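Enquirer: Here's the letter readout for the chains.
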Amino acid sequence: MSSLGEKHSKNQHTIDYDKIDRMDSFNTFVKKKNTLLFTITACFLTFYILLPILAFTSVLQQKWIGDITGVWVYSAALFIMTVVLAMVYSKIAPKLDAQAAAVLAEYEKDGGK
Amino acid sequence: MNLVSAGFFLGIVGLTLIVTYIAAKRTSSASDFYTAGGGLKGWQNGFAIAGDYLSAAAFLGVSGAIALTGFDGFFFSVGYVVANLVLLYVIAEPMRNLGRYTLADMLTARFNEKRVRGVAATSTIVIVILYMIAQLVGAGALIKLLFGIEYWIAVLIVGVMMTTYVLFGGMTATSWVQIIKAGLLLFGTTMMAFLVFQKFDFNLANMFTTIATDHGEEYLIPGQKYTSSIDSVSMMMALVLGTSGLPHILMRFFTVKDAKTARASINWTTWITAIFFSLTIFLGFGAMHFVGFDKIIAENAAGNTAAPLLAEFLGGDVMLSFICAVAFATILAVVSGLVLTGASAISHDIYGEILKDGKLTEKQQVLAARTGSISIAVISIILALFAQSLNVSFLVSFAFCIGASANLPVIIYTIYWKKFNSNGAIAAMVTGLVSCLVLGAMGPNIWSTTGKAIFIGEPLVNLAVPAIITIPLGFFAGWIVSIMTASKIDQQAAEATYKEIRVKAHTGVSVQDVSH
Numbered sequence: 001m002s003s004l005g006e007k008h009s010k011n012q013h014t015i016d017y018d019k020i021d022r023m024d025s026f027n028t029f030v031k032k033k034n035t036l037l038f039t040i041t042a043c044f045l046t047f048y049i050l051l052p053i054l055a056f057t058s059v060l061q062q063k064w065i066g067d068i069t070g071v072w073v074y075s076a077a078l079f080i081m082t083v084v085l086a087m088v089y090s091k092i093a094p095k096l097d098a099q100a101a102a103v104l105a106e107y108e109k110d111g112g113k
Numbered sequence: 114m115n116l117v118s119a120g121f122f123l124g125i126v127g128l129t130l131i132v133t134y135i136a137a138k139r140t141s142s143a144s145d146f147y148t149a150g151g152g153l154k155g156w157q158n159g160f161a162i163a164g165d166y167l168s169a170a171a172f173l174g175v176s177g178a179i180a181l182t183g184f185d186g187f188f189f190s191v192g193y194v195v196a197n198l199v200l201l202y203v204i205a206e207p208m209r210n211l212g213r214y215t216l217a218d219m220l221t222a223r224f225n226e227k228r229v230r231g232v233a234a235t236s237t238i239v240i241v242i243l244y245m246i247a248q249l250v251g252a253g254a255l256i257k258l259l260f261g262i263e264y265w266i267a268v269l270i271v272g273v274m275m276t277t278y279v280l281f282g283g284m285t286a287t288s289w290v291q292i293i294k295a296g297l298l299l300f301g302t303t304m305m306a307f308l309v310f311q312k313f314d315f316n317l318a319n320m321f322t323t324i325a326t327d328h329g330e331e332y333l334i335p336g337q338k339y340t341s342s343i344d345s346v347s348m349m350m351a352l353v354l355g356t357s358g359l360p361h362i363l364m365r366f367f368t369v370k371d372a373k374t375a376r377a378s379i380n381w382t383t384w385i386t387a388i389f390f391s392l393t394i395f396l397g398f399g400a401m402h403f404v405g406f407d408k409i410i411a412e413n414a415a416g417n418t419a420a421p422l423l424a425e426f427l428g429g430d431v432m433l434s435f436i437c438a439v440a441f442a443t444i445l446a447v448v449s450g451l452v453l454t455g456a457s458a459i460s461h462d463i464y465g466e467i468l469k470d471g472k473l474t475e476k477q478q479v480l481a482a483r484t485g486s487i488s489i490a491v492i493s494i495i496l497a498l499f500a501q502s503l504n505v506s507f508l509v510s511f512a513f514c515i516g517a518s519a520n521l522p523v524i525i526y527t528i529y530w531k532k533f534n535s536n537g538a539i540a541a542m543v544t545g546l547v548s549c550l551v552l553g554a555m556g557p558n559i560w561s562t563t564g565k566a567i568f569i570g571e572p573l574v575n576l577a578v579p580a581i582i583t584i585p586l587g588f589f590a591g592w593i594v595s596i597m598t599a600s601k602i603d604q605q606a607a608e609a610t611y612k613e614i615r616v617k618a619h620t621g622v623s624v625q626d627v628s629h
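Protein sequence lines correspond, in order, to chains A and B.
Counted from 1, the first sequence has number 3 at position 3 by our numbering; the numbering is strictly sequential.
Offset between the second sequence (1-based) and our numbering: plus 113.
Only chain B is shown next, with the shape it has when bound in the complex (with noise of 0.2 Å):
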C-alpha cells in the first residue's frame, strides 16, 4: 500500500466516522435510530437510496460482467435502471403512507397478526444475510488485494466498521455514509467513462466498431453467457421486481416525512441509477479492450476487479487507490445499510413487537436495536468467514428473486386486493421464500458438471435465477389460500381493515408519524 492509497482510504473512513459522531449525538429514539427521524429529504434519501442499490455487485459485478460478456452484463444495467419505475408507479407512495420502521409493519397495517410479522422479519432477516455475506466476501477480496492481508482480518474490519456506524449513528449515520459514497461513486464512474470516451475519439460508433474488430461481434450481441430467453427473461425478471420486495430499499421510504417526498427520492434515485449505469458501459468496454481478458481473468475469475484495473490503466496509482477507496466506501454503505435492516427485523419486529407485545419504552426500543445490530452483524461476519472460497455473485441475485417472489406479491395484494387475507400473506411470503431457496439449491450455481459450482453434478433446475417459476408462485399462493381460506375470516372486520388501508394508502390521511 502506498502513501496515497492510505491517504485516500483514511479520507473516507475519517469522513464517516465524523459523520457518525455527529449523527450520533442525533440519535436517542427508536425513530432517529430506525429511520433518521423521517427528516430526510427528498434528495437527500434520493442519494441514500442509490447508494443503497448501487452495492459492489452493481458497481464492480457489472463492469466486469460486460468486460468478460459484453451485452450479457448489460442486462444487469438495464434491469437495475427500470426497476426505479416499478418502484416510483406501485410501491414507494403506498408504502410511505402504511408503513412505520419495516416492511412488517406496513403488512401488519392490515393483518395485525404476529405470524405475518414473523413471517415477514424471516424474508427479510434470509434476504439481508444472503446479500451480506456477498456485500462481506467482495470487501475482504478487495482489502485482500489492496492491502495483501488476510481475507478474515479484511472482513472483521469491515464488519467492525458497520457496526460502528450502525451502533452509534443509526439510520442517520448509514444515510450519509450512503450520500457521500453515492457522490464519490458517481464522480468516480463519470471520471473513468470520461477518460475511456476521449479515448475511443468521443465517438460511440467507433468504441463499438473497435470492440466489434479487435474482439468480436459477439460481444455486442447476448450469448456469452446467457444462452437462452428463458433464463435471461429469468434474470431480468428478478431484478425488475425483486428491488421492489429488498427490504433495505423498502426501509427508506420510511425516512422521510410523506408520500410527496418518498416519490421525490424515486425521482433523485432513477436519475442517478441511469446516469450510473449508462457510464458502465464505458467502463465495461474500456476494461476490455485496454486491460484485457486475459489480466482481468488472471485476477478476478468473475471479472469484479476490471474498474479498478481500468483505473489503473487510465490514472495510474492515484486513480487506483481513489477508485478502490470508492469500492470500500461502497461495501460500507450497502452493509451498513443492510445490517440496520436485519436489525429492524430482529428487534423492532421480533423481539419489541413479537415477543414483548409492543411494550417496550424508547430507552429498551434504542437498547434493543443496538442488540439486534451487533447480533445481525456477528452473524454476517461469521457466514462471511467461511463464505471466502464461495462463488458469491449469484447470492445477489437471490436476494432479488426472494424480494420479488416472497415480499412483492404481499405488497401488492396488501395495498389493492380486498380479498386478500393473513393466510394469504403468509402462503405468499412462504411459498415464495422457500420456492428461491429450494429451486436454487438445484440450481446450476451449486450443482456443475464441470466442477465451477458447489457440487459436482447435473442439476436438475437449469436456470441461474428461478424467478420465472417462483414469482408466479408466490403470488399464485397469496390469491389460491386467500379464496380458499376467505369462510374462515370475519369478513366484516377484514373488510374494514381493508377500506382503512385503501384510504390511507391513496390518500396519506393518517400516515404513520415517524418524523419529529
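Chain A on its own, in the form it takes in the complex (with noise of 0.2 Å):
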C-alpha cells in the first residue's frame, strides 16, 4: 500500500476516486475492515466500562486472590487485553495494507483515471 499510495502523493491530480470507490473489491474490503475494527471496539470498551460498574457490586468488591480484590484481577485483565489487543492488530494489520494494496493495484490495472 505504501509504495502505491507513495507514487499517487505525487500524481493527486489523477486519481479517479469516485471510480475507487464504486469498486466491488474496495467496498468489500472497507466493509471487512469496518466490521472487523468496530466489532473489537464495541467488545473492548464494553469490556472496560464494566469495571467501573462491576467496582462497585460486590462480584468485584470480594477478595480472589488472598487479599487481592476482584477490581484489581478486573483490571489486571484490562491491561493485558489491551496489550493483546494490541499484538492482534499488529498481526491484523498487514492483512488490510496487502488488501487495499490490491485494491489500488485493481485500479492501476484498469488503467487508473
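Just so you know, the hints here were simulated from the structure itself, not pulled from any lab data.
Watch out, some of these pointers could steer you wrong.
Straight line, CA to CA, 20 Å or less: simulated DMTMM-like cross-link-like pairs of lysine to aspartate or glutamate [claimed, not checked]:
1) 33/A <-> 613/B
2) 257/B <-> 412/B
3) 63/A <-> 412/B
4) 31/A <-> 106/A
This one's a predicted model, so the numbers in the text were calculated from it and none came from an experiment.
Since each chain comes alone in its own frame, lean on the hints to assemble the complex.
Expert: Here it is, written out as C-alpha cells:
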C-alpha cells in the first residue's frame, strides 16, 4: 500500500476517487475492515466500561486471590487485554494493508483514470 | 538544594538544550516546525507520544491518588492504558492518511470551510490552555518545593524553557525532549517499583495483605474518592475516549511518514504506558505504606508529592533528586508539546489558513509559527500565575472531557459517516465544548459546601467530570444537525468529497506528504 500511496501522492490529480469508491473490491474491503475493527472496539469498550459499574458491586469487591480483590484482577485483565489486542492488531493490519494495496493495484491495472 | 539535585537538574536542562541546538539546525520549513518533517520512526514517535501522554498528572497525580485513595486512584491507570486501543483501532491510521499538521487540517480535508477550521482551532486552544495551566501550576509547585524559590519565578523558568525548545527546535526538539523524558520516567518508575516490590519480598499477595492489614481493606476496593458508579463511569469515559480527541496527541500522527508508522507508534506507546501504569500500583502502595498518609497530606493535600517522598524513603537525597529531575523533565516535555499544538492552531489554522487564505511563503509560515509559540506561551504563563491557588487536577480531566465530547465525534463522523456535513461538524464541536465548560462550571470542582472548591455552594451537577452527559451530547448534536440541514447542502459535491475521504482514509492513497 505504501509504495502505491507514495506514487499517488506525487500524482494526486490523476486519481479517480469516485471510480475506486465504486469498485466492488474496495467496498468489500472497507465493509470487512470496519466490521472487524468496530466489533473489536465495541467489545473492548464494553469490557472496559463494566469495570466502574461492577467495581461497586459485591462481585468485584470480594477477595479473589488472597487479599487481592476482584477489581484489581479485573483491572489486570484490562491491561492484558490492551497489550494482547495491540498485538492482534499488529497481525491483522498487514493483511488489511495488503488488501488495500490489492484494491489500488486493481485500479491501476484497470488503467487508473 | 544540594549538589546532587543541582547536577541532575542541570544535566537534564543541558541535555535538552543540546537536543534543541541540534534540532534548530534542521528546522527551516513549516513541515519541520510542526511535524519534524514527518521523519520520525515508529519507536521514536511511540516514545514521544508516551512522553506527551505521561504528564505530571499521570506520574505524580496517579501515584498520589493511589497512595491516598487506593483503588480509586488506579481507575486513572486503567483508563489511560485502554485509551491506546481506541487510538490504534479507530483513529491513528485514518488520521495520518487525512491530516497534514493539525486536527483542523484533517476536518477541512472534508469540509473546506473557514468556520469549521476556526471552531476546531478554538477547541484545540481551549484544551491546550486548560492542560497547560495544570502543568505549569504543577511545575511551579514542584520547583518551589525543591528549591524554595517563589512560585512566579518557577513558572517563568519553565515558561522560558518550553518556549526555547519550541521556538528554536520546533517538533524535532520537542519530540526528542519527550523521548528522553519518557525513557527517564520509565527507568525511574521501574527502579522505584523494584525497590518497593523488594520490600514486600517480591510477593504481590503479601503487598496487598500488608495494605489491607495496616491501612484498611477499604483501600483495595473503590469508594474512597468515587462513591457512585455514575461518577466513575463518567470519568472513565472521558479518559478512554478523550485521549483520541486530545490535539497534542493527534498532532503526533503527522510526524511520521505513513499510516503504517503511525500504527507502529501506538504499539510502542501501548507497551510503554502499560508497563508504566502497572508500576503505579507499587508507587502508590509504596508511598501509602512507607511514607504514610499524614506525611503525604502534610506536603501536598492532593498527594502530588507522594512519588518524590517515596523516592526519598527508598534512596535518600540521590533518588529524590533524580525523581524530581524526572518530574521536571516530564513537565517540560509535556508543556513543550502543548505550546507547539497551541501555536499550530493560532499560526497555521487561524492566521495562515483563515486570515491569509493559506497564501503564506515558507518563511512567513515559520515566522508565524514562532510568533504563535510565543503568544500561546505568554497567555499560558500569565494564566498560570493567577491560578496558583487553584486545585488544578480537574483541569486535565476537563481537557479529556472536551477532547471526547467536542473533537472525537467530528473525527469519527468525518471518517466514517457519509451524511455528516459542515453544519453538523460545527454543532458537534460547539455543543461538546460548551456543554463541558457549562456543566463543569456547575459541578463540584467549582462549587462545594465544605469550601473545597472555588465557591461555596451546592453544585447543580454532581459529576466531577460530566463526560457521561457531554459525549452523547456532542455525538447527538453532530447527527441531528447533519440530518436537519441535509437539504441545504449540495449533496453531489458532499458525496464526491466523502468518496475521496473514504478512499484516502482506508487506502492511504494521496497521503498528505509532510516528509522531505
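Enquirer: Find the hints from earlier in the document that the structure breaks and name them by number, from lowest to highest.
Expert: 3
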